[in-house]
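For reference, the chains in residue letters:
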Amino acid sequence: MKNLEELRKIREEVKKSMSMRDGAHRGKIVVCMGTCGIAAGARETMNAFMQALDERGISDIALTAAGCAGFCEQEPLVEVEIKGERPVRYGHVDAAAANRIVEAHLVGGKPVGDLVFG
Amino acid sequence: MATPRLYVMIPTDADTVVVGAREIKSRFSSEIGAQGLSDQIKVIETGSFGPSNAGVIAAVQPDGVVYGNLTPESVGEIVREHFCKGRICGRFLLPREYPPTVEQATDARHTQAAGRIVLDNCGRIDPDSIEEYIATDGYEALGRALTEMTPPQVVETVREAGLRGRGGAGFPTGLKWSFCAPVQADRKFVICNADEGEPGTFKDRLIMEGDPHKVIEGMALCGYAIGASEGYVYIRGEYRLSVERMRKAIEDARAMGLLGKGIFGTDFDFDIEIKLGAGAYVCGEETALIESMEGRRGVPRLKPPFPASCGYLGKPTNVNNVETLATVPAIVRNGAAWFRGFGTENTPGTKVYTIIGHVRRPGLIEVSAGVTLREIIDEYAGGMSSGTFKMAQLGGTAGDVLGPEMLDVPMDYDAMQKVGHVLGSGAILVMNQTVEVADFLDSCMRFFRHESCGSCNPCRNGLQVLGEIVGRLKKKNAYPGDIELMEEVCMTLKSAAFCPLGQSPASPLMSALRYFRPELAAAVDPRRERPRTQRVRLDLVELAV
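Protein sequence lines correspond, in order, to chains A and B.
Read left to right, the first sequence gives residues 1 to 118 (the numbering used here).
Read left to right, the second sequence gives residues 119 to 663 (the numbering used here).
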């Protein structure tokens, strides 16, 4: 360790990866991962979300799984809940759709109209 | 690697390892692997975040869910139901009387105001990862001190902060450092006292197991402040996990250049070694500790000279408790004024307690100094587990017994002293009305008789006499005059015993008399007469004064 800058660089890097540990988030993405969801490709959707959040360095959004929501035909089903806003439910979310949701809804603050379900 | 979406954090300390924390951890990993979620969910070990009788615990973040009393079978169900499908397994949750997460544990008003200073990382970071410590502002204080402050400025900061030794005596830390700093010598030493022999106290163990780098950083800061380049951690041998974690932490810090030569590009060198104690109570006393480190029998030295001028190997030495040193980085990082924002005027900051006995939620807590015993029991420990409060012993077996009248006295060094008590090292043993005072004192005395080194007469003979008296009180067949005799022997020990071990048995006995004299007096059988042999031994005690 030669100087403080070096230390601070490590700190910022590791901090990012630890962001999911505490409860302070501005919102969360819930990917429905019941049998129906998984069969329709929810695993890929989940991975796509993880990658999309990582690429953009978004650390204040939690990503969680949920069971079947009862709309199996719409799977993979994803719900985006931003604190203080009405939750938005998206249907048929594949990897490309996941990227669009992150870009438009989480970064831009605007739900993706054509993907919204219900 | 992508940022995991879920963390399973398993507090592994010596207690949970015994009940299978390591097995549960590997079970989690294999179950998660079987579900193909290894790259999404990370399982890590952390230090304890508080509860101490709930088996193996797993905190799941960011969901804020805490499972307790885990078995290998429950792990599979949690992975399949919670991690795959998002359905929280209600029946494995830690019972509601436990604070569900570290964050929610701060619900209690005082922690919220104070936050945690020493335990802020315990249960939240992987103690084996130096990177995670750095991510929580670790080693920032050391870096700043080395590059922006002079050693006297560091001493001054600690003195201004009003930090007092957390080992029990409450001696001002900055003052202690200022004794050692100006002494000129070719070698100086920093010793971290991790002997923690006081029964019922295990805070230092949990600090070392949960956040070892904080202790290392505190030691390095102390070394810089007093001009020492060698540090030792004296850990009792039974603390295997503490030793393991401290050893790993020292190695990692060395590998990163945070220990060794030329730290942060300055000319400051500092390195740390671990010394193991063999578990003698008296070695918690700093000069006995130094004797033991030098390879001799752990017997206290005659003071003066004090270790600040003549300590380990006859060189200037500064000995501080684990908790004290773990508090230092935060003080240097945030300043003395910030630290004074917590606690009371004469005892700034927080205090770590281990609370045990008849409370609903035994375990580890950190509270603002000055919080009352009533608040600690009701708000932090969830109230009495059964019965009503009868007494509490503060600071381990050598500590004072407090009656119900003392429930509302602020717990800081001076307020306690004002009512004639000592705050001690941080153990709180709470007892309800089912505990008989004599029974309790008997177990205290057995401990002291076992630990007495026998080198001075008052302690060797006095403890024998006290033990016999308490034994008779327990059997309710004490001789008339036994209680007065007990007081007299206590006073003898207090004034004539060579070291704190011999002086301290008076604390539980005298304070118990203060609150429970009628109960103890009822154990005297007025018809019994003291045999002649007894009187001879008493003369011996008299002679010692």
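Derived from the structure by calculation, the hints contain no laboratory data.
Predicted model only: the values in this text are computed from it and were never measured.
Errors might be hidden in some of the hints.
The list that follows gives simulated cross-link-like pairs (lysine-lysine, DSSO-like), each with its CA atoms no further than 27 Å apart [what the hints assert, rightly or not]: (1) K366(B) x K9(A); (2) K366(B) x K393(B); (3) K393(B) x K379(B); (4) K83(A) x K393(B); (5) K2(A) x K379(B).
Each hint, compared with the structure:
{"no.": "1", "hint": "K366(B) x K9(A)", "in the structure": "holds (22 Å)"}
{"no.": "2", "hint": "K366(B) x K393(B)", "in the structure": "holds (14 Å)"}
{"no.": "3", "hint": "K393(B) x K379(B)", "in the structure": "holds (21 Å)"}
{"no.": "4", "hint": "K83(A) x K393(B)", "in the structure": "violated (52 Å)"}
{"no.": "5", "hint": "K2(A) x K379(B)", "in the structure": "holds (11 Å)"}
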